[in-house]
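Novice: Sequence:
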Amino acid sequence: MSGPEQLAVIAAGLGAGILTSTVGVASLLSFPVLIALGIPPVVANVSNTIGLLPGALSGSFGYRRELREVPRPVTIAVVAICAIGSIGGVVLLLALPPGVFAAVAPWLILFTCLIVGAQPRISRWLRARSDHPHALRTSMSPATYFFTALTGVYGGYFGAGAGVMMMAVLGLGLDLELRVVNGLKTLSLLAANVVAGSIFVVIAEVDWTAAALLAAGSIVGGYLGAHLGRRIPGGLLRTLIVLAGITAAILMLT
8 MSGPEQLAVI AAGLGAGILT STVGVASLLS FPVLIALGIP PVVANVSNTI
58 GLLPGALSGS FGYRRELREV PRPVTIAVVA ICAIGSIGGV VLLLALPPGV
108 FAAVAPWLIL FTCLIVGAQP RISRWLRARS DHPHALRTSM SPATYFFTAL
158 TGVYGGYFGA GAGVMMMAVL GLGLDLELRV VNGLKTLSLL AANVVAGSIF
208 VVIAEVDWTA AALLAAGSIV GGYLGAHLGR RIPGGLLRTL IVLAGITAAI
258 LMLT
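In this note's numbering, each number is its position in the sequence shown, counted from 1, plus 7.
Derived by calculation from the structure, the hints in this document are not laboratory data.
Check each hint, because a few of them may be wrong.
To be verified - Derived DEER-like restraints, expressed as beta-carbon distance ranges:
no., residue 1, residue 2, range
1, Ser148, Gly95, 15 to 25 Å
2, Ser146, Ala43, 38 to 48 Å
3, Leu14, Phe68, 17 to 27 Å
4, Thr254, Glu12, 17 to 27 Å
5, Glu76, Ala43, 35 to 45 Å
6, Pro104, Arg72, 40 to 50 Å
7, Ala43, Ala87, 31 to 41 Å
8, Trp114, Leu243, 20 to 30 Å
9, Thr246, Ala150, 20 to 30 Å
10, Glu12, Glu184, 33 to 43 Å
11, Tyr152, Leu247, 26 to 36 Å
12, Pro240, Val98, 37 to 47 Å
13, Ser9, Ala150, 47 to 57 Å
14, Ser146, Thr261, 32 to 42 Å
Backbone N, C-alpha and C fix where the C-beta goes; we use that ideal spot for every residue, glycine too.
Sequences are here, hints too, so could you generate the full structure?
Specialist: Spelled out as structure tokens, the structure:
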């Protein structure tokens with residue numbers, strides 16, 4: 008890998024780290040860069056997952072104040088479910104043809120963009136139909152458990168747009184501020200990627216140069232992204248998440 012190529016990977020890691028902690032489409036920036044350098048798709052996917060781990064870690068640290076606002080049982084449940092779900096994603100990645108999820112993923116992302124955009128209205132409608140319409144939902148429903156696990160599986164398999172999906176699931180299932188949901192999303196995907204990355208290290212081929220360069224950029228980007236995500240107004244952040252998700256889906260379809 009030449010000097011300019013190494014700089015490109017570091018820059019991709021920096022940008023992906025920022026996206027990890029904000030709009031949640033990090034892999035749509037970093038993964039194509041690895042492919043453009045001639046790294047085989049599965050190796051690029053594995054190396055990308057490992058390389059972005061420091062970004063998710065620094066992003067979660069940057070959101071530590073927001074994470075304190077989440078009920079501890081919810082945090083434990085979301086992290087554990089995503090981590091377990093990612094194991095299924097790793098199995099799918101190594102067992103299925105590369106194009107299986109690629110055909111479905113753009114439509115999943117578009118659907119979750121719709122949920123993110125409509126989440127305030129849907130949440131108000133759900134509260135109005137509940138037995139306690141004025142009570143905030145601070146515990147997870149069975150549906151929220153299920154879709155959190157499904158997002159963990161997707162994160163372990165490929166992950167592009169997984170942040171958008173997790174924002175939709177958590178934002179719809181819990182009455183939390185968007186900045187708090189963003190912090191919980193970042194932490195949950197960190198858990199999924201830690202498990203997936205640990206398995207990849209043992210049984211899959213990794214391009215360690217690419218992974219290390221991504222890590223160098225993403226650890227800075229993740230922390231910067233957390234500070235940006237905290238300061239962006241909720242409505243604007245929601246709009247940016249939807250636009251990023253739509254862009255990701257279009258890029259995957261073309």
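Novice: Confirm or reject each hint.
Specialist: Structure-based check of all given hints:
Between Ser148 and Gly95, the C-beta spacing of about 21 Å keeps the proposed range 15 to 25 Å intact. With their beta carbons about 45 Å apart, Ser146 and Ala43 fall inside the hinted range of 38 to 48 Å. In this structure the supplied range 17 to 27 Å holds for Leu14 paired with Phe68, their Cβ-Cβ distance being about 26 Å. The supplied range of 17 to 27 Å is met by Thr254 and Glu12, whose beta-carbon atoms lie about 25 Å from each other.
Between Glu76 and Ala43 the C-beta distance comes to about 40 Å, which sits within the given range of 35 to 45 Å. At roughly 43 Å, the beta-carbon separation of Pro104 and Arg72 lies within the given 40 to 50 Å, and the hint holds. Distance hint check: the CB atoms of Ala43 and Ala87 are about 36 Å apart, consistent with the given range 31 to 41 Å. Look at Trp114 against Leu243: about 26 Å separates their beta carbons, and that is inside 20 to 30 Å.
Between Thr246 and Ala150 the C-beta distance comes to about 26 Å, which sits within the given range of 20 to 30 Å. Distance hint check: the CB atoms of Glu12 and Glu184 are about 41 Å apart, consistent with the given range 33 to 43 Å. A C-beta distance of roughly 28 Å is found between Tyr152 and Leu247, which places it inside the suggested range of 26 to 36 Å. The hint said 37 to 47 Å for the Cβ distance between Pro240 and Val98, and at roughly 40 Å that hint holds.
A hinted range of 47 to 57 Å for the beta carbons of Ser9 and Ala150 is consistent with their spacing of about 49 Å. The beta-carbon spacing between Ser146 and Thr261, approximately 41 Å, falls within the hinted interval of 32 to 42 Å.
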